[in-house]
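S.K.: Sequence:
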Amino acid sequence: MQRVLVAGGTGFLGRALVRGLHGRGARVAVLTRNPAGAGRLGLPAEYVAGDVRRPATLVRAMDAVDAAILSVQFPGYPVEAPARGRTFMEVDARGTAALVEAAVEAGVRKLVYLSGVGADPGSARTWYRAKGLAEASVRDSGLAHVIVRPSWVYGPEDRSLNRFIALIRTIPFVFPQLGDGSGRITPIHVDDLADLVCEATLGSAGDGLTLEAGGPDVLSLDDVVRTAMAALGRRRVILHVPEGLVKLVAGCAERLPGQILSRDAVDFATQDGIADSDLARRRFPAFRPRDLATGLAAYVSRA
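Here the numbering used here is used: position 82 in the sequence shown is 82, and no number is missing along the way.
Treat the hints as calculated values from the structure; they're not laboratory data.
Check before you lean on any hint, since a few could be wrong.
The calculated label-pair distances, taken between Cβ atoms and stated as ranges, are [what the hints assert, rightly or not]:
| no. | residue 1 | residue 2 | range |
| --- | --- | --- | --- |
| 1 | 218 | 54 | 37 to 45 angstroms |
| 2 | 82 | 2 | 34 to 42 angstroms |
| 3 | 40 | 125 | 33 to 41 angstroms |
| 4 | 25 | 180 | 24 to 32 angstroms |
| 5 | 42 | 2 | 16 to 24 angstroms |
| 6 | 299 | 245 | 26 to 34 angstroms |
| 7 | 203 | 169 | 39 to 47 angstroms |
As the structure is a prediction and not an experimental result, all values here were calculated from the model.
Here a beta-carbon is modelled for each residue, glycine too, at the ideal position from N, C-alpha and C.
With these hints in hand, go ahead and build the complete structure from the sequences.
M.R.: Now the structure itself:
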């Protein structure tokens with residue numbers, strides 16, 4: 001029986017990974033800054049203390065671990081809070097590098113890194129650059145590894161598509177869409193992504209590979225809203241809010257305490273994110289993610 005550590009196991013995707021690994025017979029440990037608090041989630045896992053911003057805490061957390069899944073995000077993602085160390089470079093890049101170093105020292109045999117479509121260490125965009133640097137840390141580790149680059153992940157507990165759904169339910173007549181709604185994505189249900197990652201972790205079919213993972217639909221952000229409206233049985237006129245106006249507001253918000261919006265986050269929310277899942281499907285024939293309409297129908301009520 002393999003023992004798998006999930007760094008980021010208390011998050012939206014992490015919880016699905018923990019459940020998926022447990023269902024496949026693995027012993028699961030979750031890395032968390034607060035084991036007592038995380039225990040209230042009721043996940044089928046052991047909770048081990050560690051903080052990616054305190055590398056000295058990580059080696060002990062990796063003790064007796066066969067494989068580690070690295071899926072850390074900072075609170076408030078994607079809105080950075082530099083004064084609190086909550087940035088892409090601090091957590092995604094340096095935090096992942098610290099996890100990799102600890103895994104090597106502890107004798108972990110395999111790493112699986114949850115990156116993102118577009119990751120590139122030379123990118124001008126911080127989030128792509130941070131993910132790209134993290135990928136390099138994993139590849140240079142000398143350990144068996146798999147890198148998974150998902151597109152837009154959604155599901156019952158997400159904080160992105162469910163915001164769209166809440167707006168459709170609460171605002172009559174119109175839906176305020178950030179920007180022109182043309183950004184294209186390949187939405188993937190969290191359980192479909194978790195199934196792929198679990199199989200890649202416990203087996204060897206993906207070793208040494210970088211796998212992009214998205215759903216079968218290539219949709220604009222406006223298409224995503226229309227699909228959500230159909231699932232809810234509601235009709236709204238999509239009202240495009242100019243991106244420049246939102247960035248002006250975001251620039252002011254950046255100066256306030258408790259930052260909830262930033263100009264970079266606006267760019268993040270409107271960018272393309274198209275995954276080419278062909279290699280993942282060839283290596284993992286059971287990987288057949290559901291389309292967005294089917295995924296929404298499973299948990300969205302028309303009430």
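S.K.: Now tell me, hint by hint, if it's right for this structure.
M.R.: Do the hints match the structure? See the list:
1. 218 / 54: 37 to 45 angstroms: Given about 41 angstroms between the Cβ atoms, the range holds.
2. 82 / 2: 34 to 42 angstroms: About 38 angstroms separates the Cβ atoms of residue 82 and residue 2, which means 34 to 42 angstroms holds.
3. 40 / 125: 33 to 41 angstroms: 36 angstroms, holds
4. 25 / 180: 24 to 32 angstroms: 47 angstroms, violated
5. 42 / 2: 16 to 24 angstroms: 22 angstroms, holds
6. 299 / 245: 26 to 34 angstroms: For residue 245 against residue 299, whose Cβ atoms are near 33 angstroms apart, the range 26 to 34 angstroms holds.
7. 203 / 169: 39 to 47 angstroms: 41 angstroms Cβ-Cβ, so the 39 to 47 angstroms window holds.
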